[in-house]
Amino acid sequence: MQEILLAAVVAVGAVFLGLTVLIVATKAWRETRDRWRAARRRELEPRILRWVHGDGTSVEGALGGVARSERAVVESVLLDHVQRVRGVERDRLAYALDELGFVERYRSGLQSGRWWTRAISAERLGMAGALRAARDLAGMLEDPVPEVRIRAAAALGALGGEAAVRPLILALDEPSRWSTIRIADILTGMGQPVLEELVGLFPRMTVHGKLAAIDILGRVRSVEVVDWLRARLWNDHRDVRARACHALGAIGDADSAPAVVQMLRDPEWPVRAMAAKALGRLRFHGAIPALALAVRDPEWWVRANAAEALRRIGDPGLVALELLLDDADTFARHQAVLMLQEAGVVDQRIEALAGPDGPERRRAEGLVEKLVAAGQVGRLRELEATHPDPAVRRALGVLRERAPEPAGVRS
Amino acid sequence: MSWIEIATRAVVWFNYFVLVYFILLNTLYLGLFLVSLVEIVRFLRRTFFSDYRQILQSDMTWPISILVPAHNEEKTIAETVRSLLMVNYGEFEVIVVNDGSNDGTLACLREAFELRRIDRPYKRSLPTREVRGVYGSLLHANLRVIDKVKGGKSDALNAGINLSRYPLFCSIDADSIIEENALLRVVKPFMEHPQETVAVGGIVRIVNGCEVRDGKVVRVELPDRPLAIFQVIEYLRAFLTGRVGWSVLRSLLIISGAFGVYRKQDVIDVGGYSLNTDTEDLELVVRLHEHMRHQKRRYRVVFVPDPVCWTEIPNSVRVLARQRNRWHRGLVQTLWAHRGMMLNPRYGGIGLFAFPYFVCFEMLGPFVETLGYLVVLLSFFLGVLDLQFLLLFVAAAGLYGIFLSVSAVLLEEMSFRRYPSWVDLTKLLVFAVLENLGYRQMLAFFKVRAFLDVVRRRRTWGRMDRTGFGDPLPASADR
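Chain order of the listed sequences is R and W. Per this note's numbering, the first sequence runs over residues 35 to 445. Per this note's numbering, the second sequence runs over residues 49 to 527.
If you're looking for bench data, these hints aren't it; they were derived computationally from the structure. Please note that the accuracy of each hint is not assured.
[Stated by the list, open to error] Pulled from the structure, derived: some chain W residues nowhere near chain R, Cβ distances all over 12 Å: (1) W110; (2) H119; (3) D195; (4) E240; (5) D262; (6) L275; (7) D314; (8) W375; (9) L383; (10) L419; (11) R497.
[Said to hold, decoys possible] Simulated DEER-style distance windows between Cβ atoms: (12) W:F409 / R:R64: 33 to 43 Å; (13) R:D270 / W:R505: 38 to 48 Å; (14) R:A59 / W:V442: 43 to 53 Å; (15) W:Q489 / R:K61: 52 to 62 Å; (16) W:V365 / R:V432: 52 to 62 Å; (17) W:V432 / R:R69: 56 to 66 Å; (18) W:F428 / R:R69: 53 to 63 Å; (19) R:E376 / W:L412: 48 to 58 Å; (20) W:N150 / R:E435: 25 to 35 Å.
[To be verified] Which residues of chain R face chain W? A few of them, derived with a C-beta cut under 8 Å, are: (21) G47; (22) W63; (23) S92; (24) Q369; (25) E416.
Here a beta-carbon is modelled for each residue, glycine too, at the ideal position from N, C-alpha and C.
Whenever a hint applies, use it, and build me the whole structure from the sequences.
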């Protein structure tokens, strides 16, 4: 037994020492390498940039040759700058990447057995603007690893290849939202051909893909797809209807508002909630009566979104909210109070309490009485304690005492 | 057979038991380390392709509510909230819950963020103690403060959940600071597996010793005090080799309360945070596992080693003892409350592997260790102490402990390298050795006391003496 323990002690001790040496050696090597690279970069970067801004033909000639050990430094300089510039400078940097053999290396990297090498190679081919690699990249759209497919598609997008559009749209079916966002970004940047393809491929997509497609259409904000989106308001799937409302709100086409108003009567609450939100973005005055009704909706989120929409519509919406203070529905009253507070109506109106007796003052008193009756007096109490004008403080105190708060009213 | 003979035989058998226990425990640790090593390498490769900027700018990224329960946090609360308002994330709201503080926490917030009272109705999905008021900020539209009657951290978090507007929420301690991109990184698993991910935890690091300016950690350094350095090593080991490993095995039971993100609806479905435990974070995660298994849902509880939350740790033995007492009490309470999961195949890896591990090694381990020391004494008095065996065993145990700690330092050096200076690296290696000579034994003692406190039904939260991020630590904090 003791021999075994002794062996264990020696083994663990040796592993400990080995680990310590490994940690120290790794750190020392990494820091030395980084320092050397930084020093070389300081020397090489100005020479590369001089070549980029000049008219010399060969970057290798301008640098007086690139030693094997310096290739990583030169590559990082070229890749850093190629992402930041446009026009001739970008073309020259891309040419330099090609001349120094990096483009060929990336192309062969696409055949690597390691997925991250394939992904990096695809990404860098896009950065290098390597048009001759377009076919290789199109082939990578069939790669089994999603990350590689996304990189390849993004690279094709950067090269201006329409070949990427269709595979990218179909990739929206992948359940990862992380991928969806990145694909949506690429597609949004591609413009008009994307819209047509999206609409065309829509029936073939899964629900997840459909929702992403509608979101993209909303982000592109093209009025050309408004009619198509309106038709989606009657889709069988509630999430499709809800996202269509959202997209129409994002596009901001006022003609769509009557159709969205109808969605406030949808049997599914997520659709009603999204319709209310969209109407707030559309600022459609004709929606005010329907939104005022929606503030009494049985679902909390519909009420909250409808009240918020009324506030966003502006003055006519605020008038509707004020009328809701008399509503029999407690929830509607509470939402109205919150929105009037957030719009600054309460703080603004009570200033008149210090003024002469007249319609303004009576309006202010009326509002305070309604707030008290609604049981939402938190802000009033604070103003009563902190308002800089003693006359306002006094008036608030009197009004609060005159109209006692109802007990136990909660939203 | 005489009493002496019986005692002698018992001691010998106990020695065998300890040896088997030691081998089992350390094999598990080694396994977890190897799993973590592979996962961290894989994680680093995947992180290279994260495109955080795109995700940050996209309006398709899920919005998130950040909940900050605060009780008597006047020293750090403004700095914490400021740092939270600066996080890189598209759409988010910060909800601070002032849980019946009797210091100047609320006043501090009112002054720093120009708060004003709002009458905000909200959906009461979870029962909580009375909410005295809700405040909005004139400076930050996405900041809300809830002032409520004291009900404890769980109650404060439940109130925050009620008031939150977004589908995900992140719980953060009021004495913690998160890095700019931390939220994006911790939300990533939700975006990658939207149907399955229920909760995600991020790594928590120690802010003591670091320089904090305007709510940001601008310079990372190890603390000066040995007690704090021991805790740095302990955190590295727990997070980089423990939680990463458990997460890969889909058996993660703990997401630190200092920094975790949850899907709100799932938390509401299980009834929110429990008021009956001292570690609401652990209990919630175990309950989520239980619920998901009952529902037969495919789900994931994930740990992400990269997102960083910086938190203040105890600088004195007294405060550390209180903190560890609470943690261990919470562990015992949670394991007892969910004892039906133990060795129950219905709960898969959680019931058959993680739960027994936590019961046998995390909960009872300190007993075995403490008992071991007592048995050494007993053996000495009985004259059956095999000194050579004892020394070799202690050496093996100590070296193994050192190996595990140094492994954690290695993982840190391979991956995130938050402590860049040579001085700090040397300190970490030296303290990885010293940790086994007193600190570990002290923690075992705290845990045994905590267990006894549970048996005696003694419950206190344990006050944490805050020093604040900006000021140098007072000398008295160390005593």
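Cross-check of the supplied hints:
Taking the minimum C-beta to C-beta distance to chain R, about 7 Å, the non-interface status of W110 (chain W) is violated against the 12 Å cut. Under the 12 Å C-beta cut-off, the non-interface status given to H119 (chain W) relative to chain R holds; the minimum distance is some 22 Å. Against the 12 Å criterion, D195 (chain W) falls within the reach of chain R, whose nearest CB is about 10 Å from its own CB. Distance to chain R contradicts E240 (chain W) as a non-interface residue, since its nearest Cβ pair spans about 5 Å, not more than 12 Å.
A cut-off of 12 Å between C-beta atoms confirms that D262 (chain W) is not in contact with chain R; the least separation is 28 Å. Under the 12 Å C-beta cut-off, the non-interface status given to L275 (chain W) relative to chain R holds; the minimum distance is some 23 Å. Here D314 (chain W) stays apart from chain R, with its beta-carbon at least about 17 Å from theirs, past the 12 Å limit. Every CB of chain R is more than 12 Å from the CB of W375 (chain W) (nearest about 28 Å), matching its label as outside the interface.
Every CB of chain R lies more than 12 Å from the CB of L383 (chain W), the least distance being 30 Å, so the non-interface label holds. Non-interface status of L419 (chain W) relative to chain R is upheld: no Cβ of that chain comes within 12 Å, the nearest being about 20 Å off. Every CB of chain R lies more than 12 Å from the CB of R497 (chain W), the least distance being 30 Å, so the non-interface label holds. Taking 33 to 43 Å as the suggested C-beta distance range, the pair F409 (chain W) and R64 (chain R) conforms, at roughly 36 Å.
At roughly 57 Å, the beta carbons of D270 (chain R) and R505 (chain W) sit outside the given window of 38 to 48 Å. Taking the beta carbon of each, A59 (chain R) and V442 (chain W) are about 30 Å apart, not inside 43 to 53 Å as hinted. In this structure the supplied range 52 to 62 Å is violated for Q489 (chain W) paired with K61 (chain R), their Cβ-Cβ distance being about 31 Å. At roughly 59 Å, the beta carbons of V365 (chain W) and V432 (chain R) sit within the given window of 52 to 62 Å.
Under the hint 56 to 66 Å, the C-beta atoms of V432 (chain W) and R69 (chain R), about 60 Å apart, fit the expected range. As the Cβ distance of F428 (chain W) to R69 (chain R) is approximately 56 Å, the hint placing it in 53 to 63 Å holds. At about 55 Å, the CB distance of E376 (chain R) to L412 (chain W) agrees with the hint of 48 to 58 Å. Between N150 (chain W) and E435 (chain R) the CB atoms are about 30 Å apart, so this pair conforms to the stated range of 25 to 35 Å.
Checking G47 (chain R) against chain W by beta carbon gives a least distance of about 5 Å; that is within 8 Å, so the hint holds. The restraint placing W63 (chain R) at the interface with chain W is violated, with a minimum CB-CB distance near 12 Å, outside the 8 Å limit. Here the hint on S92 (chain R) is broken, as its CB sits about 32 Å from the closest CB of chain W, past 8 Å. Residue-level restraint check for Q369 (chain R) holds (minimum Cβ-Cβ distance to chain W is 6 Å; threshold 8 Å).
The beta carbon of E416 (chain R) is positioned within 8 Å of a beta carbon in chain W (closest approach about 4 Å), and the interface hint is therefore held.
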